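Chain E is fixed; fit chain R onto it per the hints.
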Amino acid sequence: MTTTRYGVDDRPVFVIDQSRCIGCEACVQACAECGTHRGQSLIHLERIDRVVSTQTAPMVCMHCEDPTCAQVCPADAIKQTEEGIVQSALKPRCIGCSNCVLACPFGVPKYVADFDQMMKCDMCTDRTSEGYAPMCASVCPSEALWYGTPEEFAATRRGTIVDNWLFGRQSVHTKVFAVVDDLGPIDALDGMTGTWLDDPFALEG
Amino acid sequence: MARLPISEEELIERFGPHLNEAPPGGWNADLDIDKVVETHCCFCGQQCGIKLKVHDNEVVGFEPWYEFPFNEGKLCPKGVKRYLQGSHPDRLKHPMVRDETAPGGFRDVTWDEALSTVVSEIQRIQATYGDDAFAMLSGVSLTNEKSYLIGKFARLALHTANLDYNGRFCMVSAGAANKKALGIDRASNPWSDIPLADVVWVAGANVAETFPITTSYIWRARDRGARLIVQDPRVVPLARTADLFLPVRPGTDSALFGAVLHLLIRNDWLDRTFIDAHTVDFDQAMAAVAEMTPAWAEAITGAPAARIEEAAELWGTSATGMLLHARGIEQHTKGVDNVLAAINLGLATGKFGKPGCGVTTITGQGNGQGGREHGHKCDQLPGNRDITNPDDRRFVADVWQVDEADIPGKGLPAEEIIEAIHDGTIKGLLSICFNPLVSAPDTQFTKEALEKLEFYSAIDFFLSESAEHADVVLPGSLHEEDEGTATSGEGRIIKINQAVEPPGEARRDWEILLDIAQRLGRGEHFRYDNTEEIFEELCRASSGGRADYTGATWQRIEDEYGLFWPVPSVGHPGTPRLYEGGVFNHPDGRARFHGVPYRPSAESVDDDYPILLTTGRVVSQYLSGTQTRRIGGLVEQYPEPLCEIHPILADRLGIANGDLVTVRSRRGEMTLPAAVVKTIRPDTVFIPYHWPGDKAANQLTIRAVDPIAHMPEFKVAAVSVRRAEGGAK
Numbered sequence: 001m002t003t004t005r006y007g008v009d010d011r012p013v014f015v016i017d018q019s020r021c022i023g024c025e026a027c028v029q030a031c032a033e034c035g036t037h038r039g040q041s042l043i044h045l046e047r048i049d050r051v052v053s054t055q056t057a058p059m060v061c062m063h064c065e066d067p068t069c070a071q072v073c074p075a076d077a078i079k080q081t082e083e084g085i086v087q088s089a090l091k092p093r094c095i096g097c098s099n100c101v102l103a104c105p106f107g108v109p110k111y112v113a114d115f116d117q118m119m120k121c122d123m124c125t126d127r128t129s130e131g132y133a134p135m136c137a138s139v140c141p142s143e144a145l146w147y148g149t150p151e152e153f154a155a156t157r158r159g160t161i162v163d164n165w166l167f168g169r170q171s172v173h174t175k176v177f178a179v180v181d182d183l184g185p186i187d188a189l190d191g192m193t194g195t196w197l198d199d200p201f202a203l204e205g
Numbered sequence: 206m207a208r209l210p211i212s213e214e215e216l217i218e219r220f221g222p223h224l225n226e227a228p229p230g231g232w233n234a235d236l237d238i239d240k241v242v243e244t245h246c247c248f249c250g251q252q253c254g255i256k257l258k259v260h261d262n263e264v265v266g267f268e269p270w271y272e273f274p275f276n277e278g279k280l281c282p283k284g285v286k287r288y289l290q291g292s293h294p295d296r297l298k299h300p301m302v303r304d305e306t307a308p309g310g311f312r313d314v315t316w317d318e319a320l321s322t323v324v325s326e327i328q329r330i331q332a333t334y335g336d337d338a339f340a341m342l343s344g345v346s347l348t349n350e351k352s353y354l355i356g357k358f359a360r361l362a363l364h365t366a367n368l369d370y371n372g373r374f375c376m377v378s379a380g381a382a383n384k385k386a387l388g389i390d391r392a393s394n395p396w397s398d399i400p401l402a403d404v405v406w407v408a409g410a411n412v413a414e415t416f417p418i419t420t421s422y423i424w425r426a427r428d429r430g431a432r433l434i435v436q437d438p439r440v441v442p443l444a445r446t447a448d449l450f451l452p453v454r455p456g457t458d459s460a461l462f463g464a465v466l467h468l469l470i471r472n473d474w475l476d477r478t479f480i481d482a483h484t485v486d487f488d489q490a491m492a493a494v495a496e497m498t499p500a501w502a503e504a505i506t507g508a509p510a511a512r513i514e515e516a517a518e519l520w521g522t523s524a525t526g527m528l529l530h531a532r533g534i535e536q537h538t539k540g541v542d543n544v545l546a547a548i549n550l551g552l553a554t555g556k557f558g559k560p561g562c563g564v565t566t567i568t569g570q571g572n573g574q575g576g577r578e579h580g581h582k583c584d585q586l587p588g589n590r591d592i593t594n595p596d597d598r599r600f601v602a603d604v605w606q607v608d609e610a611d612i613p614g615k616g617l618p619a620e621e622i623i624e625a626i627h628d629g630t631i632k633g634l635l636s637i638c639f640n641p642l643v644s645a646p647d648t649q650f651t652k653e654a655l656e657k658l659e660f661y662s663a664i665d666f667f668l669s670e671s672a673e674h675a676d677v678v679l680p681g682s683l684h685e686e687d688e689g690t691a692t693s694g695e696g697r698i699i700k701i702n703q704a705v706e707p708p709g710e711a712r713r714d715w716e717i718l719l720d721i722a723q724r725l726g727r728g729e730h731f732r733y734d735n736t737e738e739i740f741e742e743l744c745r746a747s748s749g750g751r752a753d754y755t756g757a758t759w760q761r762i763e764d765e766y767g768l769f770w771p772v773p774s775v776g777h778p779g780t781p782r783l784y785e786g787g788v789f790n791h792p793d794g795r796a797r798f799h800g801v802p803y804r805p806s807a808e809s810v811d812d813d814y815p816i817l818l819t820t821g822r823v824v825s826q827y828l829s830g831t832q833t834r835r836i837g838g839l840v841e842q843y844p845e846p847l848c849e850i851h852p853i854l855a856d857r858l859g860i861a862n863g864d865l866v867t868v869r870s871r872r873g874e875m876t877l878p879a880a881v882v883k884t885i886r887p888d889t890v891f892i893p894y895h896w897p898g899d900k901a902a903n904q905l906t907i908r909a910v911d912p913i914a915h916m917p918e919f920k921v922a923a924v925s926v927r928r929a930e931g932g933a934k
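The listed protein sequences derive, respectively, from chains E and R.
Those letters in the first sequence? Residues 1 to 205, per this note's numbering, in order.
Those letters in the second sequence? Residues 206 to 934, per this note's numbering, in order.
Careful: at least some of the hints might be erroneous.
To be verified - Computed cross-link-like contacts, SDA-like style, restricted to lysine to any residue with a CA-CA straight-line distance of at most 20 Å:
id, chain 1, residue 1, chain 2, residue 2
1, E, 175, E, 126
2, R, 883, E, 197
3, R, 657, R, 702
4, R, 258, E, 66
5, R, 883, E, 84
6, R, 934, E, 49
7, R, 384, R, 706
8, R, 258, E, 36
9, R, 883, E, 199
10, E, 91, R, 853
11, R, 883, R, 840
12, E, 175, E, 13
13, R, 615, R, 598
14, R, 883, E, 4
15, E, 175, E, 204
16, R, 883, E, 49
17, R, 883, R, 816
18, R, 258, E, 167
19, R, 883, E, 53
20, R, 883, E, 47
21, R, 900, R, 840
22, R, 258, E, 130
23, R, 258, E, 126
24, R, 258, E, 4
25, R, 883, E, 56
To be clear, the hints were calculated from the coordinates, so they are not data collected in a lab.
It should be emphasised that the depicted structure is a prediction, and the values quoted were computed from it without experimental measurement.
Next up, chain R with everything else stripped away, as it sits in the complex:
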């Protein structure tokens, strides 16, 4: 039973998070540098180039990598301090099994004992309850090679349909909408297109804190005279100097986009030639927005009609424009709708497939792009193929040299896997780099689910809050301890280079999976001597698929500072900008408009829960914080969650800056300090989500998901706020 072996406090004492403040040997060590390794930051989908300095198999510092063209040496604070995740006192170095009697609640065991236990439990659960009763949850901090391997491992070694990944909580709405409308799930443009745009529209993306490097691209456009529109419930740092701010109420983005399309049509700011030649179903989009007047949208969104009109005019009359969006419009029960409504604006004005033109998601996780292309998802096979499509299944079965019937069908998405664990359908779990106790909605429910597992094994490098529940912990590898590729938010395949060996008995993640496959009797499908062989097989398996890596090689990726897929043949130059010439990736080459009627979020405010909660990130922390909550400088920058609240609302509730407030939803409540700021809508509070336990914002969020993408609604919940008992500062 996957309950905590000992108290949370005792676990923290042994496994952290402790803070790593200084490089190995301290600041005055003056160590000789053995080598400097060109690689990338492990935090976020921008995948900035960085050089890691190595001494005696430890990363001891960094140097800007000026030559890497995406970021030219620039880094955010997470990138600067990323090297401190290595040589960390909390690093897992031995396989362990849970043991209430052992100090720290876990006992070191040999790899043989650990893997024997894992394999016998997989076999027991599958023999007792069926193959699909054992699930796997994975993460896209992993390389393309590992993501591909996990897809194959789950289907052929575990023989389970139930594999999904944590991108389900991140970019999956954008991916689904892009595939529906445009036929492919990738950013429409390389970032070098942003400076060519005459208008840059940032919708639901706190670029300054979550993708800081993108700020420089936006400024390059502004240096040319571009106008900047920011759509957000908060005056985020990028908005501070924006030409136009659209203060949208959480959950109403599609209404705003709908009104803008309404205005584009009313004022004939349309590219009718483009619409006629390169799209279908404009009439459906038009019909859906017929009644979406600016006044209607003002009432729904809270953004003044005049500003919506100004946005429509800027977008509709500019020759070029880029609309960048992120989790702010995607983490909704209508995340797919929101993105489709944004894409409609690009299609209506012909802003695709040209320099400085595009509507694109900003991928969030480190390998959020590559990790969602090669079979890591419950409904997907490599090359972004469809696991339910007979042709796609046959193609991949041939590459894998198995019978097509050996590949399981579509499995459950991540949140539904957690629900199936909770309802007892799924009994066993193997997770890798996924910390749902922090990142999944409704923390209490997730905890209950984990505690119901008959067997849980976690592969990770630190003991995350979820891994604390594991029966067997397998120490895997950090980003800098293995090599492979990742694919950045631009769609640029890049090379991750190994700087150091895994410490102690820790092993590379792929070697662990190969060993488990071997012990499960499926070793013949997993014969690789190195990760380059996995990449070569990935490329073959992707060939002819939507995400086509056929012509990519590690050598080219390094030589050319990355390679934009599709690379459909050997020697192909890659495809930085998609849809050139108005050719989209549907069989008829045309993009699809979608009619997007407005519908409310899963939860609305009422007398009991009269305030909207929206969640997000801060610049110094990354996702569930498993890495960044262990790095001193980053923790000092923003040590604990704060509840942002507007002075008008704070005054009404008798709350002063710094007071402890209790925020309550139908799922739970949490108490945290208030940050009274005029930069948030007065009907909304904001809490960042990077922390566990009683500091977890997800204690409050709702398990409702998008019907298509199965993305949980992290961005809208109804809450009440009051000053905590004795909470005055």
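The following block holds chain E by itself, in its conformation from the complex:
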């Protein structure tokens, strides 16, 4: 049984496992329905290469401990809450320069011309502050987007969750976790060769 509401001491975390994504866009639709988002969906769902595969990848803000977007903001418009949630640019301060859009190592912030403001995932602060899961992780049918305690994850899920990233020489520590099979260097092609995926329809005899 899923925990329906978390207390502060539970320290729930957000986990992305993109390998499970089925591209249904429930997260995209639900994000717009979060009380404070007012019809604006702030999650990204990338279609990787539809010609080749149905692979899709959902992306929420990783909520970096020391967010690059805020570091590069010339207007000091990007703030963090005490809980470490990196917020959309403050409307009165944002000058729409898109430095954050270019600098974010995860490609999260987007400049929304209609509002002349950088907008991004805020981890559904109105929900998480009350102990509820963000909208996207609430609805995700495949649990590619997941919200719960690390203990719950370890007890029920495969893989290891990680929150440290290296982008060249930049080390980034995130509030949001991603799932890897094992710790250590990630082999992007591991598990992708020598299987039926090489030739799904047995065309090469």
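Below, chain R alone, put in the same frame as chain E:
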């Protein structure tokens, strides 16, 4: 004459589909929420729990219902946006009659005038042509109470044998096969069994798009180390990470299952104790697969023999396993055969009646399960009783307090009703929540049939493409405007709660039927003050039947988050898993193996039509789209049908991604954009079917039906494909 009163374009202008993009008052309305109603999604047989937020008799949003155990708050995009079907500009709010001179082609009338016309036309047609010349077609988006009532209404008020339902186009092959082999038509397991399976085999079910919530159950099994087999002509999203993919050619599933049984026997991966103790006719199944070698099956199915062997080994050597199937193996002229062949694999390995073991259909429509249990079908009485069985007839006649002879006999199945309309045998039609102009095969034929009706009345909440042909349109109720029960794909009876009142002059569907019955002089059989009374009568009528609801009450259903039938007595805990202890529902308690010889589909490819067409759904649309083509976010996600085609075939035909292509069959042709993708067999193209008119995939499909289940063959048609004139992108 049920022709369109004005042009299609003018009808669309007035009645839509228009898009509802935002909740009532807009995104910034900050409305006070009067109440939050725990109910279920109206789209698909998963029946996810959802909370609807209500302000001033309008549904203005949703909240995940985390406590409901089936989906724990999860929803697909249709569930997220389902609330936008309410407060919709296209909503029918007044009874109308067709009037070519009126703006929009229909004129608002009073309920009295509308119902008087309906009743006098029913009486005229039946007096002139006989009772059975007036037919009723219904849908299983309706609650159990309405489905039951419609069964009784057609037999006692209309006194027609010709009632059938749109599950005939959905799950009916699985139902027929389950009854033949196992003695009961229900999913063999609760979904909580899926995570307990060591191997999960998904055959002909695009789970990620049509039953997205089931994906999480499959992943829970995989988290435990289960292996996943996917059998499909397309690398559907769930297949992308599967351990084994069986790229089966459309129409050849029974050959693949046959080869797997052949291998189970050859390698002695059988549960002989189970076969001996709990089944009959294994010898017949064995004889039928004697020659079905993997090499033979590879030639028929296109799935490599080595992969078929791997599937057989995974299934045969795993202690537990679940085989989940859906329309991909069921919508065929051999849909029943395909399901029987799948069930054989479960019986041969003893994978029934135990945790993590079962072979089960994934029911498609919202109340596809409950709606096919209580007399909604042409051959059925409540409790899944047989309308031709004298004992069953007497039992139901007693509950209905009528003479057994007052209950008409077996009527025509849905597609045959359409054919009887076309050939002039059936002259009048009452439909409710059924849109055959989109959902029936051979659209042109269906349109011709509707145009031949002397009288057609439709009960619906939006003016569907079929209802556009109606002489009288009766505005009924949306899912959230009435209360009752539904039965999910698991066999779990759940409670649908009312959130809002029907708008304008629209009425609850059951009240409309009661009024018609009263005016037909049969009111004494239809005295109900509310739908709970209908449910209580349904339970009595089901008592002792195959689908036994005797001990179910609305209170228990709500208190216990649903109740799995059979519930054969008051206080009975319900039956989440069927066949425990190897006890099946035939009189001798044994399951039946069936010999399933392979036979080809109705239509084969040839020089003129060298490519296979298969049809299906996309995640953002539901069935004929009457609701989901009116919801902005869902339409934006997949606005129009695309023809999926493999690059090898596309190259040969000179087609590039995005080009307009013309797909032609013996029934008709359509032109649509190509989606060139490597995820489909190169001998097959795929088109989703949710759209009407010149975007209807069913313009191409064939009216051939399964001889037992009368399911049309939506999954196999022979077509030609070419780049359309000037169709380059």
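Results of checking the hints against the structure:
In summary, the hint linking residue 175 of chain E to residue 126 of chain E is supported, as the alpha carbons are separated by about 17 Å, within the 20 Å threshold. Using a Cα cut-off of 20 Å, the hinted pair residue 883 of chain R and residue 197 of chain E holds, with the two alpha carbons roughly 11 Å apart. Distance hint between residue 657 of chain R and residue 702 of chain R is unfulfilled; the C-alpha atoms sit about 39 Å from each other, more than 20 Å. Taking the CA atoms of residue 258 of chain R and residue 66 of chain E, the gap is near 38 Å; set against the 20 Å cutoff, the hint is violated.
Using a Cα cut-off of 20 Å, the hinted pair residue 883 of chain R and residue 84 of chain E is violated, with the two alpha carbons roughly 42 Å apart. Restraint check for residue 934 of chain R and residue 49 of chain E: satisfied, since their Cα atoms lie roughly 19 Å apart, inside the 20 Å limit. Proximity of residue 384 of chain R to residue 706 of chain R is assessed by CA-CA distance (about 39 Å); at most 20 Å being required, the pair is judged violated. Restraint check for residue 258 of chain R and residue 36 of chain E: satisfied, since their Cα atoms lie roughly 16 Å apart, inside the 20 Å limit.
Distance restraint check for residue 883 of chain R and residue 199 of chain E: the Cα-Cα separation of roughly 10 Å lies within the 20 Å cut-off, and the hinted pair is therefore satisfied. At most 20 Å may separate the alpha-carbon atoms for a hinted pair to count; residue 91 of chain E and residue 853 of chain R exceed this at roughly 51 Å. At most 20 Å may separate the alpha-carbon atoms for a hinted pair to count; residue 883 of chain R and residue 840 of chain R exceed this at roughly 25 Å. Under the criterion of a C-alpha separation no larger than 20 Å, the hint pairing residue 175 of chain E with residue 13 of chain E is consistent with the structure, at around 8 Å.
In summary, the hint linking residue 615 of chain R to residue 598 of chain R is supported, as the alpha carbons are separated by about 11 Å, within the 20 Å threshold. Taking the CA atoms of residue 883 of chain R and residue 4 of chain E, the gap is near 41 Å; set against the 20 Å cutoff, the hint is violated. In summary, the hint linking residue 175 of chain E to residue 204 of chain E is not supported, as the alpha carbons are separated by about 45 Å, beyond the 20 Å threshold. Of the pairs offered as hints, the one joining residue 883 of chain R and residue 49 of chain E holds, with about 10 Å between alpha carbons and a cut-off of 20 Å not exceeded.
Of the supplied pair hints, the one linking residue 883 of chain R and residue 816 of chain R holds, its CA atoms being roughly 16 Å apart against a limit of 20 Å. Using a Cα cut-off of 20 Å, the hinted pair residue 258 of chain R and residue 167 of chain E is violated, with the two alpha carbons roughly 44 Å apart. With a CA separation close to 7 Å, the supplied pair residue 883 of chain R and residue 53 of chain E stays within the 20 Å bound. Our distance criterion of 20 Å between C-alpha atoms is met by residue 883 of chain R and residue 47 of chain E, whose separation comes to about 15 Å.
Restraint check for residue 900 of chain R and residue 840 of chain R: satisfied, since their Cα atoms lie roughly 14 Å apart, inside the 20 Å limit. The straight-line distance between the Cα atoms of residue 258 of chain R and residue 130 of chain E is roughly 18 Å, inside the 20 Å bound, and the hint therefore holds. Among the hinted pairs, residue 258 of chain R with residue 126 of chain E is consistent with the structure: their alpha-carbon atoms are about 17 Å apart, no more than 20 Å. Only pairs whose Cα atoms come within 20 Å are accepted, and residue 258 of chain R paired with residue 4 of chain E is accepted, the gap being roughly 18 Å.
Taking the CA atoms of residue 883 of chain R and residue 56 of chain E, the gap is about 15 Å. The hint holds against a cut of 20 Å.
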